[in-house]
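> Those sequence lines, one after another, are chains A and B.
Per my numbering, the first sequence starts with residue 1, numbered consecutively.
Per my numbering, the second sequence starts with residue 1, numbered consecutively.
Hints in this document: simulated from the structure, not taken from any laboratory.
Honestly, I wouldn't trust all of these hints.
Computed, partial: chain B to chain A, Cβ under 7 Å [as the list claims (entries may be wrong)]:
#	residue
1	1
2	18
3	34
4	36
5	39
6	43
7	92
8	103
9	110
10	119
11	122
12	132
13	157
14	168
Quantities reported herein were computed from a predicted structural model and do not represent experimental measurements.
Here a beta-carbon is modelled for each residue, glycine too, at the ideal position from N, C-alpha and C.
2 protein chains.
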Amino acid sequence: MEAIKTRRSIRKFRETPVPENLLKEVLNAARLAPSADNAQPWKIIVVRDEQMKQKVTQACNGQKFLVQAPIVLVVCGIPEDAFQTVGGYMSSHVIDASIALDHVTLAAHSLGLGTCWVAWFKEEKVKDILGIPEDVRVVALSPLGYPDESPERPSRKNLEELIAYDKYE
Amino acid sequence: MEAIKTRRSIRKFRETPVPENLLKEVLNAARLAPSADNAQPWKIIVVRDEQMKQKVTQACNGQKFLVQAPIVLVVCGIPEDAFQTVGGYMSSHVIDASIALDHVTLAAHSLGLGTCWVAWFKEEKVKDILGIPEDVRVVALSPLGYPDESPERPSRKNLEELIAYDKYE
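Just chain A, same shape as in the assembly:
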């Protein structure tokens, strides 16, 4: 609960590398994430190579905080491994990949590391750069590193707008 309340999206990072044991702990938090039918239809690519990070950043419309972070995580969903009929209408891979990355963001924060959900990217370019197969989808990216800023809590809608009781309102 504390992590949920104090986590922020971090877009400025120190150069300090992420210790290997903390990276493992963060990735393990993703591993523990639940998924539909326990299919775990996702893969996270840990991008640390400087050239690769630069290319990936370009594929994210040049959002510079990505290349500034020591690590960029690229979260892929694997439709063919997923539960096919969430609600009778969709594959679970987007949900399952999202749960995994949410676990990462909260675990990272609890270890003093910063992350930021990145939705603004060109999937085809990211796939080309990292050799991601055609039938695998890129769901989101995130930088990972030590924060070099302490952003204020952003505004949110009121609970009344987000919650309804016993029927949709």
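Following the hints, position chain B against chain A.
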């Protein structure tokens, strides 16, 4: 991190009602969830009415643990309010609704409450029962209540299967 490690999917609940202040705290955890462009394109319907719970349970193929829990949460994504081009190809409403529910599951656990991601449901029936508009999608459901079981940790893939470095492998 502790919550991530010890959370389990709960499918057996005590009859004890969920105190109003804990419900609010859990819903507030969803409210604090990040979303693409901070659009917060989701709504959670808190189902407590017994008849409604029974109908919703039927729409979830009769998964009895739903009706046994004092509360069923129905998590909706609102495509028209969402960031339209995650990766250049999809609406963010599934991701954003998933982050919100993941926050709920972890916050609930940290408060001694149990939840369970439910993907096996008939969206059209759930929408009919709760009056959910045509252009709003049901992404997932979860029971919420005091656990009446302590499941073992389910198996997960090894990190080697889930993680790759600098390129997809």
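> Give me the numbers of the hints this structure contradicts, sorted from smallest to largest.
The structure breaks hints 2 and 5; every other hint is satisfied.
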